[in-house]
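For this one, chain F is given, so just place chain E on it according to the hints.
Chains F and E supply the protein sequences, listed in that same order. All residue numbers for the first sequence refer to the working numbering, where the first residue is 1 and numbers rise by one. All residue numbers for the second sequence refer to the working numbering, where the first residue is 128 and numbers rise by one.
Rather than coming from a laboratory, the hints here were simulated on the basis of the structure. Please note that the accuracy of each hint is not assured.
[What the hints assert, rightly or not] Which stretches of chain F does chain E cover? Using the computed rule of at least three CB atoms under 8 Å from a CB of chain E, they are: (1) 18-24; (2) 40-51; (3) 102-112.
Ideal placement from N, C-alpha and C gives every residue a C-beta, glycine not left out.
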Amino acid sequence: EVQLVESGGGLVQPGGSLRLSCAASGFTFSSYSMNWVRQAPGKGLEWVSYISSSSSTIYYADSVKGRFTISRDNAKNSLYLQMNSLRAEDTAVYYCARDLGYYDILTGYYYYYMDVWGKGTTVTVSS
Amino acid sequence: DIQMTQSPSSLSASVGDRVTITCRASQGISNSLAWYQQKPGKAPKLLLYAASRLESGVPSRFSGSGSGTDYTLTISSLQPEDFATYYCQQYYSTPLYTFGQGTKLEIK
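For reference, chain E alone in the conformation it holds in the complex:
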């Protein structure tokens, strides 16, 4: 089974900061990676898919990159509404979908 490991598990940052979250797969996943944002008590929201494609309606300050086993989510200039938990998710091999353990982004 493919394991997804996110780092860091938590992160403190300020409004306006540039933030990068990393997701590493236990084997190559050929860009079969999505990123989700979840706020407390809410359902996850899709941000990016195919590693770097921005979902419609998502602000352009969110971007994704990577290849092989290593992928990153970057927020270019943090806004107050961006403080949330972020999850990566692979679709490449069984189990069908695997999520990372999450990265909690908090206000410094």
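So that you can see chain F by itself, here it is in the shape it has in the complex:
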């Protein structure tokens, strides 16, 4: 069974740090790009960061750039998110999600989306 399991969430003070982990199983982790997506309480989904399968390409949302670092260890089938200088507005459920692409031979386009999601881990930033 394809599965993603997040861990590492908790309560942290403003300005503090936290490291999230995502353990993958049931598929060849090293072949897939991965994402972190978050959802503040009662709010919608916000994409946070992306890392390619080999870690050669990394992107961040402007809201976390310079504070968060995404990484992965393909030998351990694990994805990470190091979060520094945390703010109250970083309070959210954090999901890891597998990135998948579909190539349409008719249009020549690649279409990307997130096909497998973990259950999430909750981060609360509060004093």
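Relative to chain F, chain E alone:
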């Protein structure tokens, strides 16, 4: 940055109804659109990608269409398990992914 606007923000409907949710991009996104369903306390679930392609295992009552900037998700005959929040998501231009604000589908 591309903005995604869903309408309506909430919707009340009955079992058996046909329902349409709209997602509009601030610029053309060439069908680079996915739809997700999220139930309270659960992770999002992929329904469709490339605007109209149904994810494996998703019931055929779900369909997607559109082009350019305007896209729709249609549920042909609502079932009790379909009451949830629906999100569209673009992948075309930076930021890498952008989600719509969500449409909450409630039982009338």
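For this session: Go through the numbered hints given earlier and state which of them the structure violates, listing their numbers in rising order.
Result: Per hint list: single violation, 1.
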